[in-house]
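Undergrad: So the chains spell out like this:
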Amino acid sequence: MAANRKQKKTAAQRRTWVWGLILTLFIGEMLFYTWCRVQCTQAGIAISAERRKGQELATLANSLKIELARLKAPERISYIAKHNLGLRMPDPGQTILVP
Amino acid sequence: MLWLVAIGTRAGYLQLYRGEWLSSKAVGQVERTLTLHGKRGTIYDSRHQPLAVSITTSSVAANPALIKHPGKTAPKLAKALNLKTRDIARKLAAKRHFVWLKRQATPNETEAVRALNIEGVDFLPEHSRFYPNTALAAQVLGFTGIDGHGLEGVEFYYDRELKGSTQKVTILEDALGRSFEADRRAGFYKTGHNLVLTLDGHIQYITEQALSAAVTTNEAKSGMAIVMDPGSGAILAMAHYPVFNPNTYRNYSREIWRNRAITDPFEPGSTLKIFSAAAAIENGSSTPSTIYFCENGNYRIGGHTVHDTKSHGWLSLQQIVKYSSNIGAVKVVERIGTQALHDNLKGFGFGQRTKIDCPGESSGALSHYKRWTAVDAGAIAFGQGVSVTGLQLVTAVAALANDGLMMRPHIVRAVADANGRPIRKVSPEAVRQVVSVNTARSIRRIMRTVITPGGTGVQADLDGYTVSGKTGTAQKIGKDGTYAANAYVASFVGFAPTERPALAVLVVVDEPKQNHYGGQVAAPAFKQIIKETLSYLNIAPADSLKRLRVSRDVKVNG
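Chains as they are written, first to last, in my numbering: chain A, 3 to 101; chain B, 10 to 567.
Be aware that a few hints might be false.
[To be verified] Selected chain A positions facing chain B (Cβ under 8 Å, derived; list incomplete):
1. Q9
2. A13
3. Q15
4. R72
5. D93
Simulated from the structure, these hints should not be mistaken for laboratory data.
The C-beta atom is built at its ideal place from N, Cα and C for all residues, glycine as well.
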């Protein structure tokens, strides 16, 4: 009788260990999965941030091109040439063609 | 045990019975559909200088549900955005989750709103159109509206090529609103195609300056000028006065937005005499030295009297053009017949569209010769009773400059992708041989005499270059339908150099007050445009080609 009770106790303990192991593996896998998802999310956020930086630099480059176009506008160049540098358009006779 | 059963039952209920509803709710909080607009393509001139570009601006939006104190917030936002407080207050009181406070705000306004640090206010990037040369070629370029659609000019005509693609993208966001699907979004920024125009920014500026001087000096209502390459039909400049700034087009009257060089026909006056002369030479009835009696300044025809500015007796065809005799032109048409004149004018493109790649082109008006009375035929011979656009007139004259071969005018040279690779090139297109090479050269020589002493266009003469042209002074129709006493259109059309024309130029000045003759009002502007443009294009003066002589100190044996 006592031997039977001891056998049952051992079997129950074994079952408990097995279930405990299964539960541990399950919880471990859940934690690992969650960790992977978080890493993936963080990587996505970092990529978005770098893309935004790239976009900002491209916007800056575009703005500089526009500023260059404004500075090279014929009206501005003509004004500087005539008023600041005292230049004027040459008469036909003043142009010498070097063949 | 009972607790476990209760928890299990609840979990089962949520997972199995309400699972679908809960999933969709979660997705709705995490996923967002974004509509992305690609950047509009750039418009360049022929030297690849940008004339119209897209810039990234910030538009200010708000979620009214998140604004804590709308009453206190509205005045602060209104001050920062230069808007009325009541408009902002109305938007913040709306029962919506999204309202625009200001589209395409300036950088200063954006910074001012950012400094307020108001929860529920967000900044969304948008593309806006900017014209770095302000008013240069404004009527040709046109402009875009708030949503980036072309509304006028080339922006409208080529809207499909220019606008970037629109894509709807689903992105995922975390609880803080940060997106983490950037890769999917980046691939959808498709910029529109770029345009390369035939316009040259420098020649456009030269033309606009000369036109502005002509209009303001003569206290005229408006003006237009066109510069064209006769060999290819490329439009090098198309200027208007008054001008407007397409960056702030709403501040200007709608009448100024139009490209009047192609939309508004006018009676050309004496400039049409060169085509009457061309008709006479082409059909063999006249040569440049054929003489006509010009009735000493008064000629009665069909119950009306045609006058000349100065009375003339016998004039050759060449002299009729040089002295711009109206009676001489009438006599030419009487000799060649109305059908010959009509067919010749149609051949030169009058009464039909040139099909230039710009919107709103008018065909002008040239009625069928069978409907002409005797006085109609006479009037049309010297350019009244017919209406043409500036583009038609310069294209017809360019045909004479191009040995009689008419080229189709065009404003776009190429369409390129965002990386500059050409997608489509526009090649010069010959329309038809309007008159023979000999006729064209004869007319060119006749037009040269207009600029010589005694001619009506001496003010267009230019040292070092042979210039050919014709003046025009046409009466305008008044509000009562008859010709007004003091309203004229003064014009000058021509090309240079005479033997191998590089440029065809038209200048039209509407209702000048100081003087009204084309030779006094428009010819000086024509001269300035030709002089500065030929110099800019490095086309040397024909008669004084100085060659630079150089030598080295070298001993020569033998």
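Undergrad: Now, for every hint given, state plainly whether the structure supports it.
TA: We went through each hint and held it up to the structure:
1. For Q9/A, the interface hint is violated, the least distance from its beta-carbon to any beta-carbon of chain B being 26 Å, above 8 Å.
2. A distance limit of 8 Å between C-beta atoms decides the matter here; for A13/A the minimum to chain B is near 22 Å, and the interface restraint is violated.
3. A hinted interface residue such as Q15/A counts as satisfied when its beta carbon comes closer than 8 Å to some beta carbon of chain B; here the least separation is about 21 Å, so the hint is violated.
4. Contact between R72/A and chain B, as hinted, is supported at the beta carbon level, the nearest pair being about 4 Å apart and thus within 8 Å.
5. Against a cut-off of 8 Å between C-beta atoms, the interface hint on D93/A holds, since the closest Cβ of chain B lies about 7 Å away.
Violated hints, listed in ascending order, are 1, 2, 3; each of the other numbered hints is respected by the structure.
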